[in-house]
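A.B. asks: Chains A and B, in that order, are what the protein sequence lines are. Read left to right, the first sequence gives residues 1 to 216 (the numbering used here). Read left to right, the second sequence gives residues 1001 to 1216 (the numbering used here).
Please note that the accuracy of each hint is not assured.
What the hints assert, rightly or not - Below 25 Å or equal to it, Euclidean Cα-Cα: the simulated PhoX-like pairs (lysine-lysine) are:
| no. | chain 1 | residue 1 | chain 2 | residue 2 |
| --- | --- | --- | --- | --- |
| 1 | A | Lys211 | B | Lys1175 |
| 2 | A | Lys175 | B | Lys1211 |
| 3 | B | Lys1018 | B | Lys1175 |
| 4 | B | Lys1018 | B | Lys1037 |
| 5 | A | Lys175 | B | Lys1204 |
| 6 | A | Lys145 | A | Lys170 |
| 7 | B | Lys1211 | A | Lys211 |
| 8 | B | Lys1145 | A | Lys211 |
| 9 | B | Lys1211 | A | Lys145 |
Unchecked claim - Chain B residues, not near chain A, derived (Cβ > 12 Å throughout):
| no. | residue |
| --- | --- |
| 10 | Ala1033 |
| 11 | Ala1040 |
| 12 | Asn1047 |
| 13 | Met1074 |
| 14 | Ala1079 |
| 15 | Ala1082 |
| 16 | Ala1160 |
| 17 | Ala1163 |
| 18 | Gln1164 |
No lab work stands behind these hints: they were computed from the structure. This structure is a prediction, so every number in the text was calculated from the model and none was measured. In this text, a Cβ means the ideal position worked out from N, Cα and C, and glycines have one as well.
2 protein chains.
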Amino acid sequence: MKIGILGTGMVGAGLGAKLVQLGHQVKMGSRTAAHEKAVAWAKAAGNNASYGTFADAAAFGELVLNCTLGSASMEALQAAGAKNLAGKVVIDTSNPLDFSKGFPPSLFAGNTDSLGEQLQRAFPEAKLVKTLNTISVSVMVDPAKLGAETDVFLSGNDEAAKAQAAELLKSFGWKSIVDLGDLSTARGTESYLALWVRLYGAFKTPDLNLKIVRAR
Amino acid sequence: MKIGILGTGMVGAGLGAKLVQLGHQVKMGSRTAAHEKAVAWAKAAGNNASYGTFADAAAFGELVLNCTLGSASMEALQAAGAKNLAGKVVIDTSNPLDFSKGFPPSLFAGNTDSLGEQLQRAFPEAKLVKTLNTISVSVMVDPAKLGAETDVFLSGNDEAAKAQAAELLKSFGWKSIVDLGDLSTARGTESYLALWVRLYGAFKTPDLNLKIVRAR
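The shape of chain A in the complex, shown without the other chains (with noise of 0.2 Å):
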């Protein structure tokens, strides 16, 4: 299918070459038409893949990734335009990090209101499935690679979107696909950055997942 990609970092990057890989069409979108890791990723990634504005990615994806830091996302998805994500599922996997005192960062929401709750409300005619906050870019596209099965979680309002979320993370290797229910359940996932940062911190790499255990 036709994806827009929001956001030309790490995540933007990785995820846009795995959908290509996929077989996907792909669009970045970044602030300028032709900005130069957007066009070096296109570059790379082959004939599927392709650059352009916010606006011009989330108009040609029939899906739309938000891939920005978590303090870029309302503009990029303001410049993206409502209207081009109307109707679409927005697959959100920004984080409310707030670096401005450096490492590890604090969270600028998470607590009684999530990134993904007030993306939500600016666009209320997107179909917004928060998903992949939890993980670094290197795990998303290649769950195995941690040697174990881990969970992602889903958030979101509208359960055909966190359906179709779920197909796009089947394709990337994933098993355990846990639902936590409506957008609020964001503010979960997003606050649990705050225990990810310190994991990092403690075992010295990003490529580390949860697994739930519960009693059976």
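For chain A, the structure is supplied; the task is to place chain B on it using the hints.
C.D. replies: Quick look at chain B alone, frame taken from chain A:
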């Protein structure tokens, strides 16, 4: 050893009973000298179990466990008394849960400051170790019930105190004990509660915990 427990709720009762089973002498403290729940607990737990005020329990313990609700923890430690906590390992199992708007709770600390750090600042001579706050009490005292090894976290500023806390955790059956670092890392485990409450909502059981899986 002699252990003081602050709090008469499920966490205090469960940890206290386990500690008595392990051969420790345990005094459960509360706001009053003979709290109904503390009296009933001591009767059920056996000869090595006793009760008293917060100050009685703290004075009694060579080691003290804070098992009060987060919203009541500062007041409980104040009642316990700085001199009764000075020089002692204080294991803090509390979480900054705010139930004022119902379930799921939000957090009144954890992002740019943790409840653990607040308590440590208020009682600088105590050696506070944040641990067990990510786990329901039934799992705290019986990690094997989950059927697979999971992780428990330590945060604290005093290395010897963390080592003592780790020994206690091992006596409960914990094998994978992750030292996240100084007490500021309690922001991570306290913030994780925002995800924990949603996992509880999704899985309908508090008997769950995390296994951190890393690429090898």
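A.B. asks: All the hints need checking, so say for each whether the structure fits it.
C.D. replies: Against the structure, the hints:
For the hint pairing Lys211(A) with Lys1175(B), the CA-to-CA distance comes to about 17 Å; that is within 25 Å, so the pair holds. For the hint linking Lys175(A) to Lys1211(B), the alpha-carbon distance of about 16 Å falls within 25 Å, and the restraint holds. Of the supplied pair hints, the one linking Lys1018(B) and Lys1175(B) holds, its CA atoms being roughly 17 Å apart against a limit of 25 Å. Distance restraint check for Lys1018(B) and Lys1037(B): the Cα-Cα separation of roughly 17 Å lies within the 25 Å cut-off, and the hinted pair is therefore satisfied.
Restraint check for Lys175(A) and Lys1204(B): satisfied, since their Cα atoms lie roughly 21 Å apart, inside the 25 Å limit. The hinted pair formed by Lys145(A) and Lys170(A) meets the criterion: a straight-line CA distance of about 15 Å does not exceed 25 Å. Using a Cα cut-off of 25 Å, the hinted pair Lys1211(B) and Lys211(A) holds, with the two alpha carbons roughly 5 Å apart. For the given pair, Lys1145(B) sits about 16 Å from Lys211(A) by alpha-carbon distance, which is consistent with the 25 Å threshold.
Taking the CA atoms of Lys1211(B) and Lys145(A), the gap is about 16 Å. The hint holds against a cut of 25 Å. With 12 Å as the threshold on Cβ separation, the claim that Ala1033(B) sits away from chain A holds: the shortest Cβ distance comes to roughly 37 Å. Against the 12 Å criterion, Ala1040(B) stays outside the reach of chain A, whose nearest CB is about 26 Å from its own CB. Every CB of chain A lies more than 12 Å from the CB of Asn1047(B), the least distance being 31 Å, so the non-interface label holds.
With 12 Å as the threshold on Cβ separation, the claim that Met1074(B) sits away from chain A holds: the shortest Cβ distance comes to roughly 19 Å. For Ala1079(B), the requirement that its beta carbon stay farther than 12 Å from each beta carbon of chain A is met, with the minimum near 28 Å. Distance to chain A confirms Ala1082(B) as a non-interface residue, since its nearest Cβ pair spans about 29 Å, more than 12 Å. No Cβ of chain A comes within 12 Å of the Cβ of Ala1160(B); the nearest lies about 19 Å off, and the non-interface call holds.
With a minimum CB-CB distance of about 16 Å to chain A, Ala1163(B) clears the 12 Å threshold, and the non-interface call stands. No beta-carbon of chain A comes within 12 Å of the beta-carbon of Gln1164(B); the shortest separation is about 20 Å.
Checked against the numbered hints given earlier, this structure breaks none of them.
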